[in-house]
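2 protein chains.
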Amino acid sequence: MVLYVVGLGLGDETDITVRGLRAVQQCDKVYLENYTSVLGIDHETLSTFYGREVILADRDCVETGAEVIYANAKEQNVAFLVVGDPFCATTHSDLILRAKEIGVQVEVIHNASVMGAAGACGLQLYHYGQTVSIPFFTDEWRPDSFYDKIAFNRKGGLHTLCLLDIKVKEPDFEAMARGRTVYLPPRFMTVNQAIEQLLEIEDKRQEGVYSRSTVCVGLARLGQPTQQIVSGTMEELLTVDFCAPLHSLVIAGEVHCLEEDMLRQFSVHQLKQ
Amino acid sequence: MVLYVVGLGLGDETDITVRGLRAVQQCDKVYLENYTSVLGIDHETLSTFYGREVILADRDCVETGAEVIYANAKEQNVAFLVVGDPFCATTHSDLILRAKEIGVQVEVIHNASVMGAAGACGLQLYHYGQTVSIPFFTDEWRPDSFYDKIAFNRKGGLHTLCLLDIKVKEPDFEAMARGRTVYLPPRFMTVNQAIEQLLEIEDKRQEGVYSRSTVCVGLARLGQPTQQIVSGTMEELLTVDFCAPLHSLVIAGEVHCLEEDMLRQFSVHQLKQ
Numbered sequence: 001m002v003l004y005v006v007g008l009g010l011g012d013e014t015d016i017t018v019r020g021l022r023a024v025q026q027c028d029k030v031y032l033e034n035y036t037s038v039l040g041i042d043h044e045t046l047s048t049f050y051g052r053e054v055i056l057a058d059r060d061c062v063e064t065g066a067e068v069i070y071a072n073a074k075e076q077n078v079a080f081l082v083v084g085d086p087f088c089a090t091t092h093s094d095l096i097l098r099a100k101e102i103g104v105q106v107e108v109i110h111n112a113s114v115m116g117a118a119g120a121c122g123l124q125l126y127h128y129g130q131t132v133s134i135p136f137f138t139d140e141w142r143p144d145s146f147y148d149k150i151a152f153n154r155k156g157g158l159h160t161l162c163l164l165d166i167k168v169k170e171p172d173f174e175a176m177a178r179g180r181t182v183y184l185p186p187r188f189m190t191v192n193q194a195i196e197q198l199l200e201i202e203d204k205r206q207e208g209v210y211s212r213s214t215v216c217v218g219l220a221r222l223g224q225p226t227q228q229i230v231s232g233t234m235e236e237l238l239t240v241d242f243c244a245p246l247h248s249l250v251i252a253g254e255v256h257c258l259e260e261d262m263l264r265q266f267s268v269h270q271l272k273q
Numbered sequence: 001m002v003l004y005v006v007g008l009g010l011g012d013e014t015d016i017t018v019r020g021l022r023a024v025q026q027c028d029k030v031y032l033e034n035y036t037s038v039l040g041i042d043h044e045t046l047s048t049f050y051g052r053e054v055i056l057a058d059r060d061c062v063e064t065g066a067e068v069i070y071a072n073a074k075e076q077n078v079a080f081l082v083v084g085d086p087f088c089a090t091t092h093s094d095l096i097l098r099a100k101e102i103g104v105q106v107e108v109i110h111n112a113s114v115m116g117a118a119g120a121c122g123l124q125l126y127h128y129g130q131t132v133s134i135p136f137f138t139d140e141w142r143p144d145s146f147y148d149k150i151a152f153n154r155k156g157g158l159h160t161l162c163l164l165d166i167k168v169k170e171p172d173f174e175a176m177a178r179g180r181t182v183y184l185p186p187r188f189m190t191v192n193q194a195i196e197q198l199l200e201i202e203d204k205r206q207e208g209v210y211s212r213s214t215v216c217v218g219l220a221r222l223g224q225p226t227q228q229i230v231s232g233t234m235e236e237l238l239t240v241d242f243c244a245p246l247h248s249l250v251i252a253g254e255v256h257c258l259e260e261d262m263l264r265q266f267s268v269h270q271l272k273q
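So the sequence lines, in the order shown, correspond to chains A and B.
For the first sequence, this note's numbering gives the first residue as 1, with consecutive numbering after it.
For the second sequence, this note's numbering gives the first residue as 1, with consecutive numbering after it.
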């Protein structure tokens, strides 16, 4: 019996690999992790495509109730589906490790992740530094550790991929206080919101890591038919509507020759023509 | 008519995505780029799986004769297959750009790349700095620009993924001088060779960027059924036989708690028990 941890890639149900599809079709239970990322389609489309019921696994389920998922894999084949590649989120490494510790056989099936697909914007993957996450600011919580990481990358002339926060099935604490279990509608950070937060931190820190005229690339729905890639300065990208999620943002470092040619095809100025 | 640039992932014929397979099966011509990376199977297995002849495209063909590939795509559907993800090598971005310039419609189909799958070793992808390439040293040519990049990453506590050189269809200049066109057998750098070269450069530069006791992870045949992952110091890994290609190497930066737990399962000391 095997726990298959299967990457689904970035777009829709057809972005699973043939190896992954064959594995899922051998499974008695199929879980979909749905809080660190989302596909461009819903889980019912996956169910139909696989001919298997797909059970949604939220953060609670994966981080505190994961035994249910992997202990089952001692008696039957279980698939744990992950948008992108299985190793792109820490939480999946943890699940794999714990499953192995209780003697479950684990097979990982890789797929495209935003970290590789970001190459589509024309900035070469060899010239990226560390990836950063940009969390939604709240009134009380406006963390800026990403700023130091971006500073470090830019000192080396490197590009920075910024993964933007998503909030799925977040508890509504006001309703909870009134004794009801209610979840807020899902929220996905836009390129515009990310740039606003980045500029707020630059205004506060004033270290000149980047500015309104720094070249960036906004990525939306990467790997999906409606994929949108637009390059321009931070200020220019603030005015672009990237529409439906997921969005990511790349802050360019030094831009090489071929990279410049590639970026040009996505220029915000072409949009306006 | 479309030029499909299709990532094949890392393992065998079944690592193509369902979307990719459907595209290939609609194509009149199918090319396989076979000099920047290789799968664990030969191209005839791909031909049989697709029900299409697969034409090998070597460096000459892709870098100087690529018009043949993309100009065809004006009259018929053409697939250009790439091991890993299409954007992991600069040369593919260039091909896509030139195809678009002459008005060819291009569709990119993403897949797993070593840059994402390297997460399998347990070091989190968020803690990687820039990726470096380690070329085969020759008697006259022993470039060490990777040393400065590794130094930069380690200063930030970051891990470094080292992609190791492969030489496929390299001309045999001695035979050429005698008027015959002969190619050398393919060569793939091993983890051991990479470490030897790294240590040679450290001995020469003496900047203390890493040493024989620096923790590394050797990766072989990532994403294939015979995948091998071993962690240990550079000195320890020098004695490990990683067998068949492809190999890659990760030089660890600061190792976090969960990462330590993950690495432990791949420790060289477990091998020897």
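Please note that a few of the clues may not be correct.
Straight line, CA to CA, 27 Å or less: simulated DSSO-like cross-link-like pairs of lysine-lysine [claimed, not checked]:
no.	chain 1	residue 1	chain 2	residue 2
1	B	K169	B	K155
2	B	K29	B	K149
3	A	K167	A	K155
4	A	K29	A	K204
5	B	K29	A	K155
6	B	K74	A	K155
7	A	K149	B	K169
8	A	K204	B	K74
9	B	K167	B	K74
10	A	K155	A	K100
11	B	K74	B	K100
12	A	K100	A	K204
13	A	K149	A	K100
14	B	K204	B	K29
15	A	K149	A	K74
16	A	K155	B	K169
17	B	K204	B	K169
18	A	K149	B	K155
Derived from the structure by calculation, the hints contain no laboratory data.
Since we're looking at a predicted model, the values are computed, not measured.
Hint by hint, here is what the structure shows:
1. K169(B) to K155(B): violated, 38 Å
2. K29(B) to K149(B): Violated: K29(B) and K149(B) sit about 40 Å apart, past 27 Å.
3. K167(A) to K155(A): violated, 32 Å
4. K29(A) to K204(A): violated, 49 Å
5. K29(B) to K155(A): violated, 45 Å
6. K74(B) to K155(A): Since the Cα atoms of K74(B) and K155(A) sit roughly 44 Å apart, the hinted pair is violated (cutoff 27 Å).
7. K149(A) to K169(B): Roughly 41 Å separates the two Cα atoms, so the pair is violated.
8. K204(A) to K74(B): Answer violated: K204(A) to K74(B) is near 53 Å, above 27 Å.
9. K167(B) to K74(B): With a Cα-Cα distance of about 32 Å, the restraint between K167(B) and K74(B) is violated, given a limit of 27 Å.
10. K155(A) to K100(A): Status violated; Cα separation ~40 Å.
11. K74(B) to K100(B): Within the cut-off at roughly 11 Å; holds.
12. K100(A) to K204(A): violated, 46 Å
13. K149(A) to K100(A): Distance of about 33 Å is beyond 27 Å: violated.
14. K204(B) to K29(B): Since the Cα atoms of K204(B) and K29(B) sit roughly 50 Å apart, the hinted pair is violated (cutoff 27 Å).
15. K149(A) to K74(A): violated, 42 Å
16. K155(A) to K169(B): Answer violated: K155(A) to K169(B) is near 38 Å, above 27 Å.
17. K204(B) to K169(B): violated, 32 Å
18. K149(A) to K155(B): holds, 12 Å
Checked against the numbered hints above, the structure breaks hints 1, 2, 3, 4, 5, 6, 7, 8, 9, 10, 12, 13, 14, 15, 16, 17 and satisfies the rest.
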